[in-house]
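As you go down the protein sequences, you meet chains A and B in turn. First residue of the first sequence: 0, per numbering that gives the first Met the number 0; consecutive thereafter. First residue of the second sequence: 0, per numbering that gives the first Met the number 0; consecutive thereafter.
To be clear, the hints were calculated from the coordinates, so they are not data collected in a lab. All of these numbers come straight from a predicted model, not from anything done at the bench. Worth double-checking, as some hints may not be accurate.
Covered stretches of chain B (in silico footprint by chain A; criterion: 3 or more residues with CB under 8 angstroms from a CB of chain A, positions within the stretch not fixed) [to be verified]:
1. 80-89
2. 115-129
From the structure, some residues in chain A lie toward chain B, with a derived Cβ separation under 10 angstroms [unchecked claim]:
3. Ala48
4. Leu90
5. Gly103
6. Phe125
The beta-carbon is built from N, C-alpha and C at its ideal position, and this holds for glycine as well.
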Amino acid sequence: MNIDLHIKKTMTAQSRVFDLDIRLQADTRRLVLFGPSGFGKTLTLSAIAGLVKPDAGMIAFDDRVLFDSEKKINLPARDRHIGYVFQNYALFPHLTVRENVAFGLKKPSGGRAAGAPEKVEAYLGFFGLADLADCFPKDISGGQSQRVALARALIRDPKLLLLDEPFSALDPYLRKKMRDEFRSTIDRFHIPVILITHDFDDLAAFADVVAVFGEGRIKKQITDFDNNQSVVENLISEIYTETRKETDDRRPNNETRSFSHPGCGAFGYRCAGESAG
Amino acid sequence: MFLSETMFLPLILTLKVAVLATAGALLAGVGFAYLLLHRNIPGRDLMDALLTLPLVLPPTVLGYYLLVVFGRNGWLGQWLSELFGVSLIFTWQGAVVASTIVSLPLVFKSARAAFENVDGSLENAARTLGHSEWSIFLRVSFPLAWRGIMAGTMLAFARAMGEFGATLMIAGNLPGKTQTLSIAVYQAVQAGDDSLANTLVLIISCVSLFILYTSGKILNGRQAWTKKAG
């Protein structure tokens, strides 16, 4: 994929002004946005998905213009065909696993796309969710929730997949397992991904191109991560030293968000026997 | 002869007015709550205050406003009589309008709180999954806010059942035509007819209690997706 964006956005929240000014051009299948929390990574991802409108700039993906403030182009999120896996997975709590996975296949008119039921069952099977199809999100574990979120996004055959700290809501043991599983899934689906993380292990597992974030800016873009690991490591320790105080201030806020995720508490729980129709 | 015409007609009229007023308040309350929350409408705080105003204003003041607006010389009243040859003054439809406006804040406030409680990332997820704003409202926001909205609607119905002041101002007290139960009670007491007053009071109390009790039971019934399995 070829992603080209330069966007500006100013946010004001409780007398703190946050100024985002991102320039990014990359030709890769695996782009990682790396940096401490609160530096605008999620905002950048939301702008690519069409969930946040930048004040100015442009976003193009594979020669398709998604947003251009000068030409007054702003493709709505529903027409961008970009999959998004949210940090807390954002599964619909009132729908079963099957209904969650099928959610994106409904045509705007309300009818189902041709072949939809078969496709849903095939995806449930591929992601190991067949036994959980009738469960509600509150009854499945964090790892299972992530698979549902992934299946729900991929079933629409998106042209690009965005992931916001996909492993941060999981406990360390599961994190490694899901990371490996996820790596083989994206290889299988041949889908380009943009992933946000502040975990160096994620970087090592996924990165091809890394964009290291400073506050509201991209501090450095590194292509060919595998041969430049030490550069990245130095850069990161530099950023963390610089901003330790600020990061500590922000962290509690961020962690409340990960803990409020709905499926986490019931790790390993299976409700295959129960059908709540 | 327990349910003579003097009791039966006001009861039917009261139920008819309350049902229609609740339906109106539900549609308008949910619509305004959702739009004010999801669209960047200028003067949003002022709209919010205006929609809540009927909750704190004395019903007679509201009734006076309605007379000013819908009366023969009011701008809406003139328009209605010129275009359709109808007037809301001294009609049961006028009572519906009065009850709708009085009970609107109850639906609006609870719907707004219920919509605010819906996790915004769910609505965003639906957007990235190709759904239109209308589809998101129907499939995500409304089902998740449903309970809060119903609780407010229940209160709105109870409020509409008991509406007195604004209804009296705009619809008057025409027995068999615009005389609702609460107005019939007032008239019976004024006329010194204690037995009629007692019966009417008993009827309105029982009907209201029954409605609140059954709807409360339905609302508190747990839904499959909130019940913890096992």
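Evaluation of the provided hints:
no.: 1; hint: 80-89; in the structure: violated (count 0)
no.: 2; hint: 115-129; in the structure: holds (count 10)
no.: 3; hint: Ala48; in the structure: holds, 6 angstroms
no.: 4; hint: Leu90; in the structure: holds, 8 angstroms
no.: 5; hint: Gly103; in the structure: holds, 3 angstroms
no.: 6; hint: Phe125; in the structure: violated, 18 angstroms
Hints 1 and 6, counting from the list given before, are not met by this structure.
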